[in-house]
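Q: We have chain S; now place chains C and Y onto it with these hints.
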Amino acid sequence: MNDLLFYLDIFGVIVFALSGALMAGRYQLDPFGVVVLASVTAVGGGTIRDVILQTPVFWVEKPYYLYVILMTAILTIVLIRQPKRIPKRFLLIADALGLALFAVLGTQKALYLGAPIPVAVVLGTITGIAGGMIRDVLCNVIPMILREEIYALAAMLGGSLFILLRGLNWSDTQAMTVSISAALTLRLAAIYWHVSLPAFHIVEKPKKEKDKSAKRK
Amino acid sequence: MNDLLFYLDIFGVIVFALSGALMAGRYQLDPFGVVVLASVTAVGGGTIRDVILQTPVFWVEKPYYLYVILMTAILTIVLIRQPKRIPKRFLLIADALGLALFAVLGTQKALYLGAPIPVAVVLGTITGIAGGMIRDVLCNVIPMILREEIYALAAMLGGSLFILLRGLNWSDTQAMTVSISAALTLRLAAIYWHVSLPAFHIVEKPKKEKDKSAKRK
Amino acid sequence: MNDLLFYLDIFGVIVFALSGALMAGRYQLDPFGVVVLASVTAVGGGTIRDVILQTPVFWVEKPYYLYVILMTAILTIVLIRQPKRIPKRFLLIADALGLALFAVLGTQKALYLGAPIPVAVVLGTITGIAGGMIRDVLCNVIPMILREEIYALAAMLGGSLFILLRGLNWSDTQAMTVSISAALTLRLAAIYWHVSLPAFHIVEKPKKEKDKSAKRK
Numbered sequence: 001m002n003d004l005l006f007y008l009d010i011f012g013v014i015v016f017a018l019s020g021a022l023m024a025g026r027y028q029l030d031p032f033g034v035v036v037l038a039s040v041t042a043v044g045g046g047t048i049r050d051v052i053l054q055t056p057v058f059w060v061e062k063p064y065y066l067y068v069i070l071m072t073a074i075l076t077i078v079l080i081r082q083p084k085r086i087p088k089r090f091l092l093i094a095d096a097l098g099l100a101l102f103a104v105l106g107t108q109k110a111l112y113l114g115a116p117i118p119v120a121v122v123l124g125t126i127t128g129i130a131g132g133m134i135r136d137v138l139c140n141v142i143p144m145i146l147r148e149e150i151y152a153l154a155a156m157l158g159g160s161l162f163i164l165l166r167g168l169n170w171s172d173t174q175a176m177t178v179s180i181s182a183a184l185t186l187r188l189a190a191i192y193w194h195v196s197l198p199a200f201h202i203v204e205k206p207k208k209e210k211d212k213s214a215k216r217k
Numbered sequence: 001m002n003d004l005l006f007y008l009d010i011f012g013v014i015v016f017a018l019s020g021a022l023m024a025g026r027y028q029l030d031p032f033g034v035v036v037l038a039s040v041t042a043v044g045g046g047t048i049r050d051v052i053l054q055t056p057v058f059w060v061e062k063p064y065y066l067y068v069i070l071m072t073a074i075l076t077i078v079l080i081r082q083p084k085r086i087p088k089r090f091l092l093i094a095d096a097l098g099l100a101l102f103a104v105l106g107t108q109k110a111l112y113l114g115a116p117i118p119v120a121v122v123l124g125t126i127t128g129i130a131g132g133m134i135r136d137v138l139c140n141v142i143p144m145i146l147r148e149e150i151y152a153l154a155a156m157l158g159g160s161l162f163i164l165l166r167g168l169n170w171s172d173t174q175a176m177t178v179s180i181s182a183a184l185t186l187r188l189a190a191i192y193w194h195v196s197l198p199a200f201h202i203v204e205k206p207k208k209e210k211d212k213s214a215k216r217k
Numbered sequence: 001m002n003d004l005l006f007y008l009d010i011f012g013v014i015v016f017a018l019s020g021a022l023m024a025g026r027y028q029l030d031p032f033g034v035v036v037l038a039s040v041t042a043v044g045g046g047t048i049r050d051v052i053l054q055t056p057v058f059w060v061e062k063p064y065y066l067y068v069i070l071m072t073a074i075l076t077i078v079l080i081r082q083p084k085r086i087p088k089r090f091l092l093i094a095d096a097l098g099l100a101l102f103a104v105l106g107t108q109k110a111l112y113l114g115a116p117i118p119v120a121v122v123l124g125t126i127t128g129i130a131g132g133m134i135r136d137v138l139c140n141v142i143p144m145i146l147r148e149e150i151y152a153l154a155a156m157l158g159g160s161l162f163i164l165l166r167g168l169n170w171s172d173t174q175a176m177t178v179s180i181s182a183a184l185t186l187r188l189a190a191i192y193w194h195v196s197l198p199a200f201h202i203v204e205k206p207k208k209e210k211d212k213s214a215k216r217k
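Protein chains in written order, with full-length UniProt numbering: chain S, 1 to 217; chain C, 1 to 217; chain Y, 1 to 217.
Any given hint could be a false lead.
[Unchecked claim] Restraint-style ranges between C-beta atoms, simulated for each label pair: (1) S:6 - Y:171: 34 to 42 angstroms; (2) C:185 - Y:74: 44 to 52 angstroms; (3) Y:74 - C:113: 26 to 34 angstroms; (4) S:11 - C:10: 51 to 59 angstroms; (5) Y:6 - S:64: 22 to 30 angstroms; (6) S:64 - Y:188: 54 to 62 angstroms.
[Unchecked claim] On the chain Y side, residues computed to face chain C include the following (Cβ under 8 angstroms): (7) 27; (8) 33; (9) 34; (10) 51; (11) 74; (12) 75; (13) 79; (14) 177.
In case anyone wonders, no lab produced these hints; they're calculated from the structure.
The structure presented is a predicted model; accordingly, all values stated were derived computationally and were not measured.
Built from N, CA and C at the ideal position, the CB exists for glycine as well.
Pulled out of the complex, with its shape left as it was, chain S reads as follows (with noise of 0.2 angstroms):
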């Protein structure tokens, strides 16, 4: 068991500095930025779950992942080279597989740190998305949870459903295996036909008083 629970986590960090790197490289970033932006997306939710839960920081007790995640990096620069085109969709399967894996790696290990269901459920959904959302803001792309595509509910599925199966006295594995399919499976089939859920639209007044600078340009 803790076998897989070690290499599916240095999986999820693969693809999401894959995603990040794949990130940079749209931007023409150097290699360093490279190497930046990787490691801010691989880490960057896993960092915040072990902040909140005031536990060691996984990547500080761990150094290994840092030597994962500069690995991605030069891997992506040196086989992905210019100017052979990648299509932007390699970016969304990478993310979405680290979300499935981290959305219930992240349930099950504060859930393992006795937190509360509901707790460990929003801990699980932050270390999915947080990664993605720090590399979207820093790139100034839109965060993927603010489109339309089914996000946020795959990794909230993800961990509710390993904790439901944990609560049927499957064994860690199963429940892992099972949640971490249907929450990927969920996310790549919106991907792909471009699924979404009914969206919850403000229609605003129209504006007669002074607004200006309320949105960027």
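A: Positioned in the frame of chain S, the structure of chains C and Y alone reads:
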């Protein structure tokens, strides 16, 4: 007293969650995105305060805050239906209420945990403004603190006045009522009459140097 | 030695506060907004470092940092008056000084608290770049790390060189002086000659797929 603190705190969470949900409605998020944005806005400031004070984060200890946010988000979605038009001012008023409440409550909590006076004022200001800042940054809206109307002053005034009145031996309840009212009045007046303090304005030299990409378009 | 550390630290806080106040001046913030932006820039990186290390946050323990920031913000407002024109380069130089100082001081503090070497370099880099990143994100300016000139490299170089020189049994003072100077020289040279490392650039495939709202306009 503890009752008053409790109700004010819950009320602050509700109004900030409302402001996040209203903002989400302007961006046509799906219901789960609404919940995420409402949560970030409602707990962002207090979470940063607790993490900096290295005291257990309030919503990890008391998960009922999460239910309050969830219910606020759902009610906002259900009650405020398209095509009913919502004036932007609702969001501003909810934000002003949250700002005044959290600035004073944050200062009180920091003082109670032994922070020195200037630290308590700063942590109160953080509690009041950080949630709304994160909401605005995620939504690519210029944070309210960067607009002209009195904003940071209202938060600092609330916390400072609370400390002053406590120093004059007023009771917590009295000091809190007066300082929250003062901060709220100041902020609402600024919104209503578009009052702003004289700005600190740097005029840049006309650029001859190469200066590409310094600002986003 | 402790004296040197102390003065360098205060100097770093001053220059970052100055860079935040100058940025605030470009956005015509009111005086309280200036103080907030100066504070966030000056203490942002160190706060994240201390929170991740789970050591008491430096300005909570030593509130005089807050007075230093307050005075820097006030002096900036008073001394730099409109319509005197400020070249944008002032902001860049203040930022470069803060970057070099905090990258090395952050690495030193992390090492001193027992962090492994790669963690110390990462925490030094965070200390150097995070405050300016938050400043830029709040102001909707592209973070300097995303522009072309050498930025992340300067921070990483400072911290790594410090660790290397300490490993060669240089004194803290000597190692710090040399590594701060090296990072600062590199960054200033990059600003002056617009030097940048070869960028990692991904060319995207022409999009046929529906891809609305992927980037902000």
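Q: Is the interface hint for residue 75 of chain Y satisfied, with its Cβ closer than 8 angstroms to some Cβ of chain C?
A: violated (12 angstroms)
Q: So, as I understand it, the hint says residue 27 of chain Y touches chain C; can you test that by seeing if any CB pair is closer than 8 angstroms?
A: holds (6 angstroms)
Q: For the pair residue 11 of chain S and residue 10 of chain C, does the Cβ-Cβ distance stay inside 51 to 59 angstroms?
A: violated (41 angstroms)
Q: Hint residue 33 of chain Y vs chain C: min CB-CB distance below 8 angstroms?
A: holds (5 angstroms)
Q: Using the nearest Cβ pair, does residue 74 of chain Y come within less than 8 angstroms of chain C?
A: It is violated, given that the least Cβ distance between residue 74 of chain Y and chain C is near 10 angstroms, above 8 angstroms.
Q: State, for the Cβ atoms of residue 6 of chain Y and residue 64 of chain S, whether the hinted interval 22 to 30 angstroms holds or is violated.
A: violated (35 angstroms)
Q: With a cut-off of 8 angstroms, does the beta carbon of residue 51 of chain Y approach a beta carbon of chain C closely enough for the hint to hold?
A: holds (6 angstroms)
Q: Can the suggested window of 26 to 34 angstroms be confirmed for the beta-carbon pair residue 74 of chain Y and residue 113 of chain C?
A: For residue 113 of chain C against residue 74 of chain Y, whose Cβ atoms are near 29 angstroms apart, the range 26 to 34 angstroms holds.
Q: Kindly confirm whether 34 to 42 angstroms is satisfied by the beta carbon distance between residue 6 of chain S and residue 171 of chain Y.
A: For residue 6 of chain S and residue 171 of chain Y the Cβ distance comes to about 41 angstroms; the hint holds.
Q: Can the hint on residue 177 of chain Y be confirmed by a CB-to-CB distance to chain C that is less than 8 angstroms?
A: With a closest approach of 31 angstroms, the residue 177 of chain Y hint is violated.
Q: Against chain C, is residue 34 of chain Y within 8 angstroms by beta-carbon distance?
A: holds (5 angstroms)
Q: Falls inside 44 to 52 angstroms, the C-beta gap from residue 185 of chain C to residue 74 of chain Y?
A: violated (26 angstroms)
Going down the numbered hints, you'll see the structure goes against 2, 4, 5, 6, 11, 12, 13, 14, while the others check out.
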